[in-house]
Amino acid sequence: MTSPAVAELVISGQVILTDEDGYLKNRDDWSEAVAQTLSAADGVELTESHWEVIRLLQEYYDNYEIAPAIRILTKAVGKKLGKDKANSRYLYDLFPQGPAKQACRYAGLPKPTGCV
Amino acid sequence: MTIQRDASAHIKPHAASPEVQESLGFPSEKIDNWHDKAIELLGEKVQSSRALKLAMDACMKCGACTDKCHYYLGTQDPNNMPVARQELMRSVYKRHYTFTGKYMPWLVGAKELDETMLDRWYTYFHQCSQCRRCSVYCPVGIDTSEVSMAGRDILASVGLGQKYANQIINKANTKGNNLGLPGPALADTLAGLEEDVFEETGIPVRFPLDQHGADILLVTPSADFFAEPQVDGLIGYAKVLHQAGLSWTLSTAASEAANFGLFVGSRSHTQQLGMKIRDAAKALGVKRLVFGECGHAWRVAQNHLSELVGGFDFLDDNYPKPQHIAEVTHELLTSGAIELDATRNAHRRLTFHDSCNVARASSLGSTPNGQFTVPRALLKASCDHFFDMAEHTTKQTTFCCGGGGGLLTDELLELRIKGAKPRMDALKAVVEQHGVTDLVAMCAICKSQFATVFPEYGYAFDQVLSLHQVVGDALVMTPAA
Chain A
1 MTSPAVAELV
11 ISGQVILTDE
21 DGYLKNRDDW
31 SEAVAQTLSA
41 ADGVELTESH
51 WEVIRLLQEY
61 YDNYEIAPAI
71 RILTKAVGKK
81 LGKDKANSRY
91 LYDLFPQGPA
101 KQACRYAGLP
111 KPTGCV
Chain B
117 MTIQRDASAH
127 IKPHAASPEV
137 QESLGFPSEK
147 IDNWHDKAIE
157 LLGEKVQSSR
167 ALKLAMDACM
177 KCGACTDKCH
187 YYLGTQDPNN
197 MPVARQELMR
207 SVYKRHYTFT
217 GKYMPWLVGA
227 KELDETMLDR
237 WYTYFHQCSQ
247 CRRCSVYCPV
257 GIDTSEVSMA
267 GRDILASVGL
277 GQKYANQIIN
287 KANTKGNNLG
297 LPGPALADTL
307 AGLEEDVFEE
317 TGIPVRFPLD
327 QHGADILLVT
337 PSADFFAEPQ
347 VDGLIGYAKV
357 LHQAGLSWTL
367 STAASEAANF
377 GLFVGSRSHT
387 QQLGMKIRDA
397 AKALGVKRLV
407 FGECGHAWRV
417 AQNHLSELVG
427 GFDFLDDNYP
437 KPQHIAEVTH
447 ELLTSGAIEL
457 DATRNAHRRL
467 TFHDSCNVAR
477 ASSLGSTPNG
487 QFTVPRALLK
497 ASCDHFFDMA
507 EHTTKQTTFC
517 CGGGGGLLTD
527 ELLELRIKGA
537 KPRMDALKAV
547 VEQHGVTDLV
557 AMCAICKSQF
567 ATVFPEYGYA
577 FDQVLSLHQV
587 VGDALVMTPA
597 A
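As they're listed, the protein sequences go chains A and B.
Going by the working numbering, 32 is the number at position 32 of the first sequence; the sequence numbering is gapless.
Numbering-wise, the working numbering comes out as the position in the second sequence, counting from 1, plus 116.
Calculated directly from the structure, the hints in this document are not laboratory data.
Note that CB positions come from ideal geometry on N, CA and C, so glycine has one too.
Careful, some of the hints might be misleading.
[As the list claims (entries may be wrong)] So the derived label-pair ranges between C-beta atoms look like this: (1) B:527 with A:8: 13 to 23 Å; (2) B:166 with A:59: 51 to 61 Å; (3) A:51 with B:166: 51 to 61 Å.
Let the hints inform the model, and build the full structure from the sequences given.
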């Protein structure tokens with residue numbers, strides 16, 4: 001399912017299309033530079049903690065064709081980074097617009113839809 | 117109150133893509149003869165709906181509704197007064213379908229559906245959350261939700277559908293739920309929840325999926341699988357059903373209770389989504405059908421589902437109609453089948469947000485006004501510190517959360533924040549007066565909306581709780597043998 005591409009990013013001379021909300025039209029266009037460009041526009045500097053979450057989302061998406069549910073994500077974060085980080089407050093601190101939407105956007109994944 | 121003309125005229129939802137429009141049987145883009153088609157559809161809709169006919173014919177401009185809409189109170193845009201929102205359609209109806217409107221339009225305020233009016237329809241029919249608060253105050257009972265639903269269906273039918281809702285209907289049709297959560301991901305998510313609850317309680321609470329021969333099919337909004345605090349509500353349902361020893365299952369095919377067909381005013385889409393639930397219940401051979409915490413799903417389940425899907429004659433005679441999980445839990449509590457220990461929520465001071473679709477479009481339990489008393493009875497049994505918000509903001513006259521009716525999308529965030537203000541003012545009063553710590557809701561949309569707008573009003577995103585989260589935390593569970 002696609003929607004009209006209304007914006008584009010230019011990264012190292014390559015034009016990358018996004019939808020109205022800034023989500024990549026084609027996941028194959030993703031690179032770390034894309035994530036950095038998108039986050040810089042929000043005034044967010046990506047730290048290793050951000051990258052851990054972004055990689056977890058991408059890994060889950062590769063297996064299940066959807067971003068992980070919040071409980072799956074917090075548990076995975078807890079396993080990797082320690083139990084004190086296995087909660088949504090930790091994720092909201094990293095991604096204040098909400099971990100599902102903001103982190104998916106940086107990870108090149110589609111926006112979660114529904115009552116979320 | 118000050119009026120600010122066109123204060124929210126710039127807020128509009130994204131347009132649905134051509135692909136999504138086509139998948140729902142709508143034109144891919146604005147059609148050339150949009151005017152004639154829209155007028156024709158308007159006539160048909162008024163003919164076939166008494167509620168819409170009433171809205172077109174009976175308004176006497178008394179003004180009772182003008183300051184009752186949360187979007188008007190939040191934006192001060194006069195087009196968000198319910199009477200003015202209705203008038204966008206009424207003036208066009210008069211122009212084409214009444215004698216005086218046809219020949220002396222200036223006498224009755226009849227107007228043509230031109231480009232400007234069409235744009236206003238798209239804008240302001242998407243600034244109504246279909247919560248029906250205005251209808252409570254209308255002396256003749258005009259329901260603006262009927263107007264915005266009809267308006268959206270006409271717009272989509274001339275090629276001007278809304279992205280958020282139409283994309284979701286397409287996902288629910290093709291993937292089984294609004295999120296687009298595939299079966300394997302659902303199974304993985306539920307297995308994870310079983311682990312979590314076992315770790316927390318030491319009790320093997322199950323989250324069964326596609327279990328043939330289970331007694332109960334639970335259909336719930338897919339947000340319950342995905343987001344917080346919705347998932348905490350799902351955990352609560354599972355704990356209650358486990359403790360009561362009831363046999364139940366979720367379904368991959370019917371992994372969505374929500375029915376966005378309602379929001380876009382489409383009978384055929386509401387029906388198509390409803391059929392999936394009926395088909396799944398029949399295929400699994402269940403005796404009971406229970407709905408999780410979703411406001412408009414319950415509105416559809418109680419008011420439309422049976423008629424749309426041809427009834428539920430295969431269900432058990434004792435449970436011939438869909439039930440709400442809050443009814444089930446309340447029955448179990450009343451009969452003594454489960455016990456709630458309020459001391460387990462001693463750290464919480466709670467208030468309750470009546471979701472519009474439960475409060476004004478449905479009932480709960482077997483007694484009048486059960487939709488107000490049942491959730492409060494569950495909360496009071498679960499926590500000793502319960503404080504209602506001001507009377508004119510609760511129950512029958514509850515304010516919408518600000519994100520209902522298919523408006524829970526990021527490009528409408530300004531509207532959602534402003535529309536939440538009446539609810540936030542009422543919340544502030546009980547926070548200051550009673551030290552309320554958390555707002556409890558029983559609708560997936562309300563929960564996401566509050567989690568999103570709370571930081572704008574000085575609260576944390578996690579100060580909204582699911583009704584069954586509070587119940588589940590208070591539930592006395594029998595330790596595993």
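Violated constraints from the hint list, given by number and in increasing order: The structure breaks none of the hints.
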